[in-house]
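> Each chain, letter by letter, is given below.
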Amino acid sequence: MKISVYTVFILVLFSFQAALLYSLNPFGIQPDLCLIITCLVGFRVGQVPGVLVGFPLGFIQDLFSAGPFGLNTVTKAGVGFLAGVFAKNLANRAPQAAFLPVMACSVLSAIVFLLLSRMGMGLGEMLYGFSSILLPQALLDGVVAIVANWVLVRWLLEAPSA
Amino acid sequence: MSGRFQPGVFWGSGVKRVSVAVLAVAFVVFALLPRQSQFLLHTIGQPFADLVAIPLEGMAALDRNMREWWMQYIALQGLSEQNRELREKVQQLTGDVNRLRAQALTAERLAALLKFQKDESIRTVAARVIGRSLSNWYQGVILNKGEDDGVREQMGVITPAGVVGRIVRTSGATSIALLTIDPNVAIVGMVQRTREEGMVQGTSQGLVRMKYLPPLSSVKKGDAVVTSGLTGGFPRGVLIGEVSRVEESADNLFQVAEIVPAVQFRHLDEVLIVVSPRSPEAMIPLDQALVSPGLQNPTP
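Chains as they are written, first to last, in this note's numbering: chain G, 1 to 162; chain E, 1 to 300.
Certain hints may be false.
Looking from chain G toward chain E, a few residues come up when the C-beta cut is under 7 Å (computed) [claimed, not checked]:
1) TYR22
2) LEU24
3) VAL74
4) TRP150
Keep in mind the hints are simulated off the structure, nothing from the lab.
Even glycine gets a Cβ: it sits at the ideal position worked out from N, Cα and C.
For reference, chain G alone in the conformation it holds in the complex:
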């Protein structure tokens, strides 16, 4: 039962990001929902669940991505683990506390992507990528993570009992 819910959740999340999210993106930058959810799972539940969610999400992203195969699988699983490590070392796990870990994970995974797949990029292109894709996306991921974390805390984890 748990596995079916988990599988459906992953499929719906991925499909939502691939089919619907592009129409909601402000300024041409869309948040990476798969990364955000992986981070939040790692952040709230722990390193291993973070890896377990990040790995399949990254793998499915790789199946439908034009980039090098396996890059998302490795980075998403790593991000899930790192978010768990972040959480263990944070005293405050309020919704807004998710901002920095998610932003840091977003920056980190983008840097890994650039190092492994865009080595030939010129300095100008690299700077453009940093200022117009990497940083705005990291900020957006952080902001969306605060909202998602708030929803998680308010409605799922601490739902008032009847």
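Fit chain E to the given chain G structure using the hints.
Frame of chain G, contents of chain E only:
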């Protein structure tokens, strides 16, 4: 729980150690043996891709229905419908005009018109856009046709309005096409008026540039750029876009033209994948191939 970093938390024990070890090994293998590891993952992932395509198509249908509903019932139903029809007509006519212009110019230079028409015969597979690029680093679309429909990597993707991009990855039921605005896509283009060729390539900024134009070229703003048909994937004479600016390259050896793509990528719903850009046995003229709904399932 404390505010200070605890190294023990990183390594942990049992499952966590295994997770760290597996991740480290996976990362090292991926970095050191990129081709082999990618091939392995791609092979393993093929059946999963077909499975994931099902909810993806469902979500895409939901998106389409929502947009259609919005267009039809909220945004002035009658005008919207008329506008859509007119836009489709304009796109078709623009495609036709550019194709015919290319054919006419080529025919003047080539005596054998019949042979040329044979060369222009293309075979296409109609596909629906079911998803968009998941990463901000790539400009691509996910299509609902794959290897089972004869789609292969490096095939060209077009619409009646012009060139969309190129297929870069395929699975049984889906494929991924990178758009012409992506820096990883390069097509040999030709300025329709001057017949000069150059390399049309996307940029990181999401623009399209035509490089390596001769320094004495008279290319100017407003010139139409079409496919030259020299490289695989595209037939000759399909519109890529219109020149919006011309400048000298950094080394002053060539001219570079900035191009406004003919296709509006944000509103892309259906495309045609060029299965065979020069197929004498198919003998389907380009205009028919672009508008015929009967090409949904071409004969192999």
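> Are the hints correct? Go through all of them and say.
Right, here's what the structure says about each hint:
Given hint, TYR22/G at the interface with chain E, holds; its Cβ is 4 Å from that chain's nearest Cβ, closer than 7 Å. The interface hint given for LEU24/G is broken, as the beta carbon of that residue sits about 11 Å from the closest beta carbon of chain E, more than 7 Å. Against a cut-off of 7 Å between C-beta atoms, the interface hint on VAL74/G holds, since the closest Cβ of chain E lies about 5 Å away. Against a cut-off of 7 Å between C-beta atoms, the interface hint on TRP150/G is violated, since the closest Cβ of chain E lies about 20 Å away.
When the structure is compared with the earlier hints, violations turn up for hints 2 and 4 and for no others.
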